[in-house]
Amino acid sequence: MPRIIVEVMPKPEILDPQGKAIASALPHLGFTDFSGVRQGKRFELTVEGDVTEQVLESARTAAAEMLSNPVIEDVISVRVDEDAA
Amino acid sequence: MSTETPLIGDFHASPAATPLDGARIGVVTFPGTLDDRDAARAVRLGGGTAVPLWHADESLQGVDAIVLPGGFSYGDYLRAGAIARFAPMMNKIISAATASSGTRLPVLGICNGFQMLTESHLLPGSMVKNDHLKFLCRDQVLRVENTSTAWTSQFTADELIAIPLKNQDGQYLADPETLEALEAEGRVVFRYVGENPNGSRNGIAGVSNETGNVVGLMPHPEHAVEAGYGPDDATGMRSGTDGLTIFTSVIASLAGGAQ
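Listed in order, the protein sequences are those of chains A and B.
So the first sequence is numbered by my numbering: it starts at 85 and just counts up by one.
So the second sequence is numbered by my numbering: it starts at 596 and just counts up by one.
This is chain B alone, in the form it adopts within the complex:
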């Protein structure tokens, strides 16, 4: 992956100017991953350096943060994300994300990546099939409810963003005690706005762990990072780039030594 392959030619969004241009963000590819290239591209457009990582390898290659992209790891056999949880690379990520001393590795799980994070118990709860049983693909409005995580620091409180949602197993659930704790501790990071698209408890679209370094969300910020290829917004068709702030946030967090 030494050569950049544009998804579509003539992209014009310029990478954000950040004080930590060298931030290295690992993007893990599993068998069945679909969105790794988009995630790597989002990292670059956010001002970081994308480092491709392979599920069967054990070296994190010194990356500063990790993105677990969407797709259908190992065909989602057993349960979505369940087999990926046992990949050698995941064991390294779990250790680095929960380190008892030093900096805890920021980890973002998107869609299938979110499912991996719940299966690996880095995040509470679980995902089951959408309550209407259908695969859903649409632009989705979310409210950013926690701007203190490594991945959301550059959003404003209660900011509304639009990014694509596309999944079959997107219904987030957890037992009542866990839901109560998530709400009380402000760990609901993203919430669906408008009609609940999949029956998720409390309209939850994304949650964080206790320390805010691990965040999972169901919709796809990496598909809304470049004008011309994102959701429709007020400035025009396909112009939405709300997802980019996720990636600039983690790069800024790394620059500031946060998390």
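Extracted from the complex, chain A is given alone in its bound form:
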């Protein structure tokens, strides 16, 4: 079944408390190579049938209007999941 992947990240200038918490926990487990972590969201939209340009456009609209909040988040990518196609 074809899938569309939507990735959303908190805007760079906005504090990402989840990422910050993870970053501060990493050294406790011995992971000392990472100076920062930011946590975003990945959505997988499953499509019945072909991913037409119209379907992709619909996914872009959903990403902009519902899956992300433009005040605090950026849509990083909206793409077809080639592995699932």
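Since the hints were derived computationally from the structure, they do not count as laboratory data.
Derived coverage of chain B by chain A (criterion: at least 3 residues anywhere in the stretch with Cβ under 8 Å from a Cβ of chain A; other residues may be distant):
1. 671-678
2. 717-723
3. 761-772
A few chain B positions that, by computed beta-carbon distances, are all more than 12 Å from chain A:
4. 619
5. 649
6. 667
7. 691
8. 693
9. 734
10. 748
11. 788
12. 798
13. 805
14. 833
Ideal Cβ placement from N, Cα and C applies to all residues, glycine included.
Chain B: place on chain A using the hints.
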């Protein structure tokens, strides 16, 4: 909900005498709403009639104003308030609150309700997790900085009030241009006094839209409406009723034909 269920027995606060005893204030319940009963009770103690509304219904039942209460609508999945924004009832409220002709419906969003109002773009900005990452629950002092909205008309300018604050995603933020506009236009309605509890920009606890009919705030006025069950104040433990003025204000605004 035809039967009144007291939160705790033997409450003695008497409803305020108002010229518009029949003011009907809708209180919307979403899956995961927690404070709808408290909000309905606050409406009654303020002198109005609470009308329960269901998120999946489309009729506003002719209410004169709306309260979006606190809680965790739809589990706050996606983002706090984000899925609630698309409820059929919310679409009706958004239309009524932004009507280009006639009276614009007064809408108050409390906590999760405030998050719904930002997600629906009725109010600018957004809410993210508290900067200290912890859930916070305490009595909070606020300054009322705008007494010209439908919901704050009975406060005095710069009045200090104490109402409970309890949330995880209470940090208000907006881009610098929006913050500047909010400050310049006097749309910061409530500001935290003392230590900033969650890192909100400019200490903002509540804002209004351009026309003052839509107000959102993070702390909970509906939990400070009845002596015996509110924050501590000078008159004694649990005696604070500062939140009641929010509800008497909107009822008075409706009576005066304002907004």
